[in-house]
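Here is how the chains run, residue by residue.
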Amino acid sequence: MDLDTLVVRFQKKDILAFEKLYDMYWENICGVVHTIVKDKGLAEEISQDVFAKIWNNSDSYNPSKGRFFTWILNIARNAAIDKVRSKSFKDQKKNLSADYFVGILNRPDSTEESKEEIDTSALKKLVLNLKEKCLEIIEMLYFKGYTQTEASQELDIPLGTVKTRNRSCISQLRKNVTLEWK
Amino acid sequence: MEVDKYIASGILELYVAGTLTEEQNVEVFQYAREYPEIREEILAIEASILALTKSVAPKMAKRKGFDDVKVRIGERKDTKVVQFPKEKSNWSTYTGWAAAILLGVGVAWFYNENTQLKSDINVVEQQKQILEQQIFEARGSLASSNELLNKLRDKDITLTPLGGQEVSPTSYAKVYWNKKEDKVYIDAQDYRNHQMVWYTKYGLLS
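Residue numbers (the working numbering), protein chains in the order written: chain D, 1 to 182; chain F, 1 to 206.
Among the hints, a few may not be true.
To be verified - Here are a few chain F residues that face chain D, going by a calculated C-beta distance under 10 angstroms:
| hint | residue |
| --- | --- |
| 1 | I7 |
| 2 | V16 |
| 3 | T19 |
| 4 | L20 |
| 5 | I42 |
| 6 | A44 |
| 7 | I45 |
| 8 | L50 |
| 9 | T53 |
| 10 | K54 |
| 11 | R72 |
| 12 | I121 |
| 13 | E125 |
| 14 | P169 |
| 15 | S171 |
FYI, nobody ran anything at the bench for these hints, they're computed from the structure.
The C-beta atom is built at its ideal place from N, Cα and C for all residues, glycine as well.
If we strip away everything but chain D, and leave its shape as in the complex, we get (with noise of 0.2 angstroms):
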């Protein structure tokens, strides 16, 4: 069964479909909370959640505005960066660094006996040849949720710059996604 033809099921609620993309998507769900909360049992938390509220607004989405996982991705950002600017969260005074993932990345290397919750041997993988600046505009435009605009202003670049920048950030990726899958 493919893609359109489970999210099509999944919006007649057939809670098989659903689990199907609850299976296809709950980590990378978790992974982007995750980068936003920085706290396991939170970041589990809200994305359980955020798939409930997925499958209460089911009706809500429509393919023809985007593909099914920007579509739960951006309820995922939002879900989470609510939290952490909610009181209870901010009472909590967790590490509020503006980093996501970047700041992952410059943690020691992570083994199976690391008290670390994310093994970053995989992610270093991924974004090896990545510069800075890639890192960068990467962690804005999917984990921060920011518009073309607001990249264009925080990073003090032309908007076109932002478009063609993140071309070629997203290109290095995909060859690291590929010699990974070699």
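Add chain F to chain D, keeping to what the hints say.
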């Protein structure tokens, strides 16, 4: 439509990021239907983002699982999966019971102590009353002794010692006679049953 140029523009990367306008999204969607290269490109971009987001997922995650989502969306009635881990609830149950038993034992002990103390107080109270009575009696006795002593010390008193008769030769008594008041006090402490004191207008006879 120059497909290569369109792909190279970087719009598809932004499409996957979800930062395009609604109109741009619809446009890309339609081109993707029309041109397989565009569709393939979108899938490849998405795959790289999926790989990246997956790589930052926490280790050993997905403990709650899909059943928990089912509970959240009301597709499953039991709340089993959202309960605390079993060991944890058992631990807290045991602790709770242990605390309750300790409290019970403590209360019983205190009740027992309290009862004991109350009964001790009663005993002491009774002893106190007895002692007070004795003090009262002793004071009365002292007062009458003092009065007697004062009477015997009177200057008008005449002391007459009396000896014992044959029946009890060692017995003795003393007679204090106040002529002025015409009163007689007899100290017959050692006069046994057999003795008598006769008092006539002529004088004292033992």
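Violated hints - listed by number, lowest first: 12, 13, 14 and 15
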